[in-house]
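*Asks:* Read off the chains here:
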Amino acid sequence: EAGVTQFPSHSVIEKGQTVTLRCDPISGHDNLYWYRRVMGKEIKFLLHFVKESKQDESGMPNNRFLAERTGGTYSTLKVQPAELEDSGVYFCASSPGLGRTQYFGPGTRLLVL
Amino acid sequence: AQKVTQAQTEISVVEKEDVTLDCVYETRDTTYYLFWYKQPPSGELVFLIRRNSFDEQNEISGRYSWNFQKSTSSFNFTITASQVVDSAVYFCALCMDSSYKLIFGSGTRLLVRP
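Line order of the protein sequences matches chains A and B.
Quick note on numbering: the working numbering labels position 85 of the first sequence as 85, and the sequence is numbered without any gaps.
Quick note on numbering: the working numbering labels position 4 of the second sequence as 4, and the sequence is numbered without any gaps.
A hint or two may mislead.
[Unchecked claim] Dumping the calculated DSSO-like pairs for lysine-lysine here, alpha-carbon to alpha-carbon at most 30 angstroms: (1) A:LYS15 with A:LYS78; (2) B:LYS38 with B:LYS16; (3) B:LYS38 with B:LYS70; (4) B:LYS70 with B:LYS3; (5) B:LYS38 with B:LYS3; (6) A:LYS78 with A:LYS54; (7) A:LYS41 with B:LYS3; (8) A:LYS78 with A:LYS44; (9) B:LYS16 with A:LYS51; (10) A:LYS15 with A:LYS44; (11) B:LYS16 with A:LYS54; (12) A:LYS51 with B:LYS38; (13) B:LYS16 with A:LYS44; (14) A:LYS41 with A:LYS54; (15) B:LYS3 with A:LYS44; (16) A:LYS78 with B:LYS16; (17) A:LYS78 with B:LYS38; (18) A:LYS44 with A:LYS54; (19) A:LYS41 with A:LYS15; (20) A:LYS51 with A:LYS78; (21) B:LYS70 with A:LYS78; (22) B:LYS70 with A:LYS41; (23) A:LYS41 with A:LYS78; (24) A:LYS54 with A:LYS15; (25) A:LYS51 with B:LYS3; (26) A:LYS15 with B:LYS70.
[Claimed, not checked] Label-pair ranges, simulated between beta-carbon atoms: (27) B:SER74 with A:ARG100: 37 to 45 angstroms; (28) B:LEU48 with A:GLU83: 44 to 52 angstroms; (29) A:THR18 with B:LYS70: 43 to 51 angstroms; (30) A:THR20 with B:GLU44: 29 to 37 angstroms; (31) A:PRO81 with B:VAL13: 43 to 51 angstroms; (32) B:THR31 with A:PRO61: 39 to 47 angstroms; (33) A:GLY40 with B:GLN69: 40 to 48 angstroms; (34) A:PRO61 with B:THR9: 38 to 46 angstroms; (35) B:GLU26 with A:PRO8: 15 to 23 angstroms; (36) B:GLU56 with A:THR18: 28 to 36 angstroms; (37) B:GLU59 with A:GLY28: 45 to 53 angstroms; (38) B:SER71 with A:VAL50: 28 to 36 angstroms; (39) B:VAL46 with A:ARG22: 19 to 27 angstroms.
To be clear, the hints were calculated from the coordinates, so they are not data collected in a lab.
Idealized CB from N, CA, C, for every residue including glycine.
Full structure from sequences and hints, please.
*Replies:* As structure tokens, then:
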């Protein structure tokens, strides 16, 4: 069974540009989560989808971040316009149910110059 | 408030030594889940174990063992006879039934020297 996949693995962009990160969860997992770890800080929750609905988006830092999960399968996280402080590693995770184990993807390393 | 504290920022041991990674959590929820994840140098987060708040039974898996004590709000992780391949950053995390997001500790970097 394939694990959580994320694309791209790395992205280097300039301040003000747009970047879109993609996450494909484990097949059959209705719950999808985004987290990020900025330099020197802890891994922080961004948001949680149940199928295509946003269950909790309390961790989204500001309106420059937009997450979607059309059709309840893969998800995208768009940052527009990117700022220097957005640099970090963005992790996606999925789980088969609420409170169940979350399995993580390899992360996308974003560097904003 | 919910919080996870991993007071050990970095630990260095020589191969074959035993090492314990500490994790202390805070929550007012009565139902919650605790996790340990391993982040090897390649960067991915690898799930190691999940415990429910109502199950304080300790667990052993090969060289790994976990000690869950609700009385001290701790969920410590011990590696017996450490190996170089155990070198990684280890994260403890908390998840409440009231909100299914993971709250991570700051991680403990373990270096096992040959």
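*Asks:* Now look at each hint and say whether the structure bears it out.
*Replies:* Verification of the hints:
As the CA atoms of A:LYS15 and A:LYS78 are separated by approximately 14 angstroms, the hinted pair is consistent with the 30 angstroms bound. A threshold of 30 angstroms between alpha carbons decides the hint, and for B:LYS38 with B:LYS16 the separation of about 19 angstroms falls inside it, so the pair holds. Between the alpha carbons of B:LYS38 and B:LYS70 the distance comes to roughly 23 angstroms, so the proposed pair stays at or under 30 angstroms and holds. Between B:LYS70 and B:LYS3, the direct Cα distance comes to roughly 15 angstroms. Compliance with the 30 angstroms bound is thereby established for this hinted pair.
The suggested pairing of B:LYS38 with B:LYS3 holds, with an alpha-carbon distance near 19 angstroms, which does not exceed 30 angstroms. Of the supplied pair hints, the one linking A:LYS78 and A:LYS54 holds, its CA atoms being roughly 15 angstroms apart against a limit of 30 angstroms. Among the hinted pairs, A:LYS41 with B:LYS3 is consistent with the structure: their alpha-carbon atoms are about 14 angstroms apart, no more than 30 angstroms. A hinted pair counts as satisfied when its Cα atoms are at most 30 angstroms apart, and A:LYS78 with A:LYS44 qualifies at roughly 17 angstroms.
Restraint check: the Cα-Cα separation between B:LYS16 and A:LYS51 comes to about 45 angstroms, which exceeds 30 angstroms; the hinted pair is violated. Only pairs whose Cα atoms come within 30 angstroms are accepted, and A:LYS15 paired with A:LYS44 is accepted, the gap being roughly 22 angstroms. Taking the CA atoms of B:LYS16 and A:LYS54, the gap is about 46 angstroms. The hint is violated against a cut of 30 angstroms. Of the supplied pair hints, the one linking A:LYS51 and B:LYS38 holds, its CA atoms being roughly 27 angstroms apart against a limit of 30 angstroms.
With a C-alpha separation of about 34 angstroms, the suggested pair B:LYS16 and A:LYS44 falls outside the 30 angstroms cut-off, and the hint is violated. Distance restraint check for A:LYS41 and A:LYS54: the Cα-Cα separation of roughly 25 angstroms lies within the 30 angstroms cut-off, and the hinted pair is therefore satisfied. For the hint linking B:LYS3 to A:LYS44, the alpha-carbon distance of about 12 angstroms falls within 30 angstroms, and the restraint holds. The suggested pairing of A:LYS78 with B:LYS16 is violated, with an alpha-carbon distance near 45 angstroms, which exceeds 30 angstroms.
With a CA separation close to 27 angstroms, the supplied pair A:LYS78 and B:LYS38 stays within the 30 angstroms bound. A C-alpha spacing of about 17 angstroms is found between A:LYS44 and A:LYS54, which places the hinted pair at or below 30 angstroms, so the restraint holds. Among the hinted pairs, A:LYS41 with A:LYS15 is consistent with the structure: their alpha-carbon atoms are about 21 angstroms apart, no more than 30 angstroms. The suggested pairing of A:LYS51 with A:LYS78 holds, with an alpha-carbon distance near 18 angstroms, which does not exceed 30 angstroms.
Simply put, B:LYS70 and A:LYS78 have alpha-carbon atoms about 40 angstroms apart, too far for the 30 angstroms limit, and the pair is violated. Our distance criterion of 30 angstroms between C-alpha atoms is met by B:LYS70 and A:LYS41, whose separation comes to about 27 angstroms. The suggested pairing of A:LYS41 with A:LYS78 holds, with an alpha-carbon distance near 21 angstroms, which does not exceed 30 angstroms. Restraint check: the Cα-Cα separation between A:LYS54 and A:LYS15 comes to about 28 angstroms, which is no more than 30 angstroms; the hinted pair holds.
Taking the CA atoms of A:LYS51 and B:LYS3, the gap is about 28 angstroms. The hint holds against a cut of 30 angstroms. At most 30 angstroms may separate the alpha-carbon atoms for a hinted pair to count; A:LYS15 and B:LYS70 exceed this at roughly 46 angstroms. Taken as a hint, the range 37 to 45 angstroms is violated for the pair B:SER74 and A:ARG100, whose Cβ atoms sit roughly 23 angstroms apart. A hinted range of 44 to 52 angstroms is violated for the C-beta pair B:LEU48 and A:GLU83, which are about 34 angstroms apart.
Range check, A:THR18 to B:LYS70: about 47 angstroms between beta-carbon atoms, so the 43 to 51 angstroms window is met. The given range of 29 to 37 angstroms is broken by A:THR20 and B:GLU44, whose C-beta atoms sit roughly 21 angstroms from each other. A C-beta distance of roughly 45 angstroms is found between A:PRO81 and B:VAL13, which places it inside the suggested range of 43 to 51 angstroms. Separated by about 29 angstroms at the C-beta atoms, B:THR31 and A:PRO61 break the suggested range of 39 to 47 angstroms.
Distance hint check: the CB atoms of A:GLY40 and B:GLN69 are about 30 angstroms apart, inconsistent with the given range 40 to 48 angstroms. Between A:PRO61 and B:THR9 the Cβ separation comes to about 25 angstroms, which falls outside the hinted range of 38 to 46 angstroms. The beta-carbon spacing between B:GLU26 and A:PRO8, approximately 37 angstroms, falls outside the hinted interval of 15 to 23 angstroms. For the pair B:GLU56 and A:THR18, the beta carbons lie near 48 angstroms from each other, so the given range of 28 to 36 angstroms is not met.
At about 26 angstroms, the CB distance of B:GLU59 to A:GLY28 disagrees with the hint of 45 to 53 angstroms. Roughly 34 angstroms separates the CB atoms of B:SER71 and A:VAL50, a value that falls within the hinted 28 to 36 angstroms. In this structure the supplied range 19 to 27 angstroms holds for B:VAL46 paired with A:ARG22, their Cβ-Cβ distance being about 21 angstroms.
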